[in-house]
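K.L.:
Protein sequence lines correspond, in order, to chains A and B. Per numbering that gives the first Met the number 0: the first sequence ends with 359, consecutive numbering throughout. Per numbering that gives the first Met the number 0: the second sequence ends with 113, consecutive numbering throughout.
Note that these hints are calculated values from the structure, not bench results. All residues carry an ideal CB built from backbone N, CA and C; glycine is no exception. Any given hint might turn out to be false.
As the list claims (entries may be wrong) - Here's a subset of chain A near chain B, in silico, CB distances under 8 angstroms, partners left out: (1) Leu66; (2) Ser68; (3) Leu120; (4) Thr332.
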Amino acid sequence: MTLRLAPLLLAALFGCASAARPQVMVEVDRTREGQASVDARKTAPQAYARAELLRKRAEQAYADGDLTSAQIMSEQALAAYLRATIEARLTRAEARLAEAQLLEKQQSERLAQLDAEQQRLSAETADLELRAKVLRDAEPLAKNEPASPEREKARREAARAILTQASLLCVAARLVEPKRSALPPLLSKADELRAKLDTAAPAAIDDANALRSDCLRELTLARRPRAQANPSRGESDALLSELSRADFLPFRDDRGVVVTLRALREGGKLAAKAAEKLAELGRIAKAHPDFPVLVVAHDARAGAKEDGLGAQVVESLKAAGASRIETQRAGSTTPVVPPDRTGAAARNERLEIIFVSPGT
Amino acid sequence: MLGALKKSPEAARVAAASIAKAEDTLKRADQMRGSGDQKHGAMLEEAALEWATASELLSKAARAEKRLNELQTKTTELETRVFRAQALVEQTVARRARAEEALRQLNEKGGAKP
Chain A
0 MTLRLAPLLL AALFGCASAA RPQVMVEVDR TREGQASVDA RKTAPQAYAR AELLRKRAEQ
60 AYADGDLTSA QIMSEQALAA YLRATIEARL TRAEARLAEA QLLEKQQSER LAQLDAEQQR
120 LSAETADLEL RAKVLRDAEP LAKNEPASPE REKARREAAR AILTQASLLC VAARLVEPKR
180 SALPPLLSKA DELRAKLDTA APAAIDDANA LRSDCLRELT LARRPRAQAN PSRGESDALL
240 SELSRADFLP FRDDRGVVVT LRALREGGKL AAKAAEKLAE LGRIAKAHPD FPVLVVAHDA
300 RAGAKEDGLG AQVVESLKAA GASRIETQRA GSTTPVVPPD RTGAAARNER LEIIFVSPGT
Chain B
0 MLGALKKSPE AARVAAASIA KAEDTLKRAD QMRGSGDQKH GAMLEEAALE WATASELLSK
60 AARAEKRLNE LQTKTTELET RVFRAQALVE QTVARRARAE EALRQLNEKG GAKP
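Chain A extracted, bound-state conformation:
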């Protein structure tokens, strides 16, 4: 800057006539010295060199006394410096964009890997936990000794509930693997124990517990080939989500994904709303053909007569497209609330639609 001003000072001292430097030339100098131009010199060298050339031409025109040309060329040089700084900005943005695109690709791939790993690990963990549960259930309990008549009655009711659970687990296993040879003897044993409960004392609660463990083990073994073939398939998750979206309030248990329906009849006939729900469930069952369906009818009180509701429901589900269905009566052995409580009948009389999980 000092060097640039020197000729002006000398001219002033010696009284030589010189035209005033146009404001735009001062502006060009200021722009050229700014940080953005300094950066552009490295990042956009060609555009910067062009701006420099234009500035020098303007300086030459000024030195030659052609003020108009100096003014116009300076304006062009100013625009050229701006263009160089923008080119530098664009180059930087494009480089960072390429980096960000690469990072996005890497993160997306990593996320997909982690999701797949998580699904596989979850399935493996669920299988291990179920195997541990089967073993734990099979552990011998302290033998139950004869007790007071009240306690014996409670034991008998508990044994009936456990036997129902055992039978349903064995039936679920049969739906998964129809020809599993261990199942018929277990189901016969359940019938024998049930008959014994009405006559013999003490109640065979230990045998009922052991039978439940055996049935759960058989169900786990029936599922294993499919679970091992493809541990990461989240089939139950998809079904559960679909049923949740359809407002069926489903839940999961050892057997699979369960939907509970109540008050299905109106004036002795299947209510219109219930028919709609069953049609929807039938459509869902059709969309998930790997899940066999187990329909379990629960009565409000002991000794209730078979009213054909289970069969009627099976027909409705089949009409809507479900194929592999079996129905079972659980009687009043597994109430939701104690039968002597107000409103218990309405809660206990229910129908369970179980989508039996074919894998874990």
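Using the hints provided, position chain B relative to the given structure of chain A.
P.N.:
Same frame as chain A, but now just chain B:
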């Protein structure tokens, strides 16, 4: 070039100052040519083209920066999701190890495998 730039609202917004300079310089070029000064008229036209090119480039840079900003936001979200997924996987690995250990102990105790 200026017409096309002005048609795009985004370009008209980000490069308003340089578009105005280009238009003003072009107007002065017309006046110069009108007064018979062809040489300076041509020089002004070149300067107007320089401003217009800078405007176009500015619009392009703004678009690239906007895309970059959007992508950076997306990448940050992805990073958070990856972090959470990683934590979940670690939790599940620990859960699986506990289940394996429980199963091993039960197998040892019972001497049977389901």
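K.L.:
If a hint holds in the structure, say so; if it does not, say that too.
P.N.:
We went through each hint and held it up to the structure:
no., hint, in the structure
1, Leu66, "11 angstroms, violated"
2, Ser68, "7 angstroms, holds"
3, Leu120, "4 angstroms, holds"
4, Thr332, "26 angstroms, violated"
Violated hints for the displayed structure, listed by number in ascending order: 1 and 4.
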